[in-house]
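S.K.: If you want the building blocks of each chain, they are given just below.
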Amino acid sequence: MDARVKPTAASVDYLLHLADNALVLGQRNAEWCGHAPVLEEDLAMANQALDLIGQARLLYQVAAERLNAEGRTTRPSAWPAGPVTEDTLAYFRSDREFRNYTLQELPHSPGLVPAGVGDRDWGISIVRNFLYGALMEMVWEQLADSSDAQLAAIAAKSLKEVRYHVRHARDWLVRLGDGTDESHQRVQAAVDYLLPFTEEFWVASDVDTLAQPTGADVPALRSAWDARVDDALAEATLTRPTAVAGYVPQGKQGVHSEHLSYLLGEMQSLARAHPGAVW
Amino acid sequence: MSNAPALKDWPLWEVFVRSKQGLEHKHCGSLHASDSEHALQMARDVYTRRQEGVSIWVVPSHLIAASDPEDKELMFDPASDKIYRHPTFYEIPDEVGHM
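Protein chains in written order, with the numbering used here: chain A, 1 to 279; chain B, 1 to 99.
No lab work stands behind these hints: they were computed from the structure. Values in this document were obtained by computation on a predicted structure and should not be read as measured data. Among the hints, a few may not be true.
[To be verified] The following label-pair restraints were derived from C-beta to C-beta distances:
(1) B/Glu70 with A/Asp230: 55 to 61 Å
(2) A/Asp181 with B/Glu70: 44 to 50 Å
(3) B/Lys20 with A/Ala277: 55 to 61 Å
(4) B/Pro11 with A/Pro80: 32 to 38 Å
(5) A/Pro80 with B/Gly97: 58 to 64 Å
[As the list claims (entries may be wrong)] Derived PhoX-like pairs: lysine-lysine, alpha-carbon spacing no greater than 25 Å straight-line:
(6) B/Lys20 with B/Lys82
(7) A/Lys157 with B/Lys20
(8) B/Lys20 with A/Lys160
(9) B/Lys82 with B/Lys72
[Said to hold, decoys possible] Far from chain A, by Cβ distances over 12 Å, these chain B residues were calculated:
(10) Gln21
(11) Glu24
(12) His27
(13) His38
(14) Glu70
(15) Lys72
(16) Asp81
(17) Tyr84
(18) Arg85
(19) Thr88
(20) Tyr90
From the three backbone atoms N, C-alpha and C, an ideal C-beta is built for every residue, glycine too.
Throw the hints in and build the complete structure from the sequences for me.
M.R.: See below:
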């Protein structure tokens with residue numbers, strides 16, 4: 001037996017990476033509330049946004065608990081006094097402190113198009129939910145066996161949720177891809193636009209190092225993820241764009257697109273203007 | 001990919017939800033969806049968000065034959081004065097309990 005003490009608690013930074021991914025996509029998807037193409041899908045997207053925000057809350061709660069237990073004396077000046085809570089982590093960290101994949105924060109509109117309500121494209125939202133969900137289905141599966149018991153419990157709950165998210169997104173991907181000329185062309189454009197952002201999943205950074213030994217080995221999931229994506233694209237009669245070596249987004253390292261600041265600005269303004277507000 | 005125009009008006013489906021094992025499916029509403037799989041998915045999101053169910057049926061509304069509201073009198077009123085059809089004239093042994 002290994003004489004060294006095996007750490008059984010995931011690092012706070014790794015928990016924040018998982019939580020930020022869920023929170024930022026949850027916030028984005030919630031933007032469809034009241035604006036989705038049909039009533040039933042409005043509810044479907046809002047349900048999924050709430051699943052994601054629920055996952056984020058659980059992860060932030062564990063992270064806050066561990067930060068408080070560490071008893072760090074220095075903390076970012078923006079944080080309210082008193083013990084760290086889930087709200088501290090969601091509402092009082094700046095964009096550079098968020099560790100989510102850049103993919104999560106992109107608006108629901110094709111690249112370089114204004115992000116107003118009228119410019120939102122359902123295809124973008126569906127493709128992103130599929131690309132991210134297909135990854136997280138495997139990540140939560142691994143984490144459900146984590147030696148960190150709290151993380152394993154959150155993963156077991158999240159796994160059920162993400163399985164539905166993937167079913168929903170994949171179903172729409174196939175309907176839109178194998179639909180009309182217009183739906184095919186728009187969802188293909190969404191695939192072409194978003195797929196390069198997934199490169200970030202596979203490029204190991206400190207987040208992936210921090211993930212070990214309690215977390216998932218994301219770069220090792222690449223071929224399984226590729227197979228799932230290729231299978232869905234083929235069924236949807238879509239083509240996978242040829243990979244081009246270029247800039248790889250670094251959201252998980254805190255270097256984001258300009259879109260995250262706006263998203264956080266909207267999400268955090270109330271909590272920052274009225275700290276501790278309840279209703 | 002077909003070049004047929006998109007189905008702009010999705011057909012109507014009736015949704016039946018079973019609240020728990022052993023109980024019957026109950027009608028709980030309707031929704032528009034393009035096919036049965038889609039209807040099931042939407043029914044899950046629209047009608048089971050608050051843990052209302054463990055099973056869902058969807059049925060195309062046009063397949064349900066309904067009685068005409070105008071026939072209400074001739075269909076249902078004749079039963080109103082036949083209280084002897086209710087099993088309320090039997091003595092139920094205590095051991096049977098609630099029926």
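S.K.: Taking the hints in turn, state whether each one holds.
M.R.: Consistency of the hints with the structure:
1. B/Glu70 with A/Asp230: 55 to 61 Å: Cβ of B/Glu70 to Cβ of A/Asp230: about 58 Å, so the range 55 to 61 Å holds.
2. A/Asp181 with B/Glu70: 44 to 50 Å: The hint (44 to 50 Å, Cβ to Cβ) holds, given that A/Asp181 and B/Glu70 are roughly 47 Å apart.
3. B/Lys20 with A/Ala277: 55 to 61 Å: At roughly 39 Å between Cβ atoms, A/Ala277 and B/Lys20 fall outside 55 to 61 Å, so the hint is violated.
4. B/Pro11 with A/Pro80: 32 to 38 Å: 53 Å, violated
5. A/Pro80 with B/Gly97: 58 to 64 Å: 59 Å Cβ-Cβ, so the 58 to 64 Å window holds.
6. B/Lys20 with B/Lys82: Violated - the C-alpha atoms of B/Lys82 and B/Lys20 are around 34 Å apart, more than 25 Å.
7. A/Lys157 with B/Lys20: Within the cut-off at roughly 21 Å; holds.
8. B/Lys20 with A/Lys160: 20 Å, holds
9. B/Lys82 with B/Lys72: 17 Å, holds
10. Gln21: Given that every Cβ of chain A is farther than 12 Å from that of B/Gln21, nearest at about 19 Å, it holds.
11. Glu24: 24 Å, holds
12. His27: 17 Å, holds
13. His38: 7 Å, violated
14. Glu70: 31 Å, holds
15. Lys72: The assertion about B/Lys72 holds, with a minimum of 32 Å to chain A.
16. Asp81: Check passes; 45 Å lies beyond 12 Å.
17. Tyr84: It holds; B/Tyr84 is separated from chain A by about 48 Å at its closest Cβ, greater than 12 Å.
18. Arg85: For B/Arg85, whose nearest Cβ neighbour in chain A is about 42 Å away, the distance exceeds 12 Å, so it holds.
19. Thr88: 44 Å, holds
20. Tyr90: 48 Å, holds
Violated hints for the displayed structure, listed by number in ascending order: 3, 4, 6 and 13.
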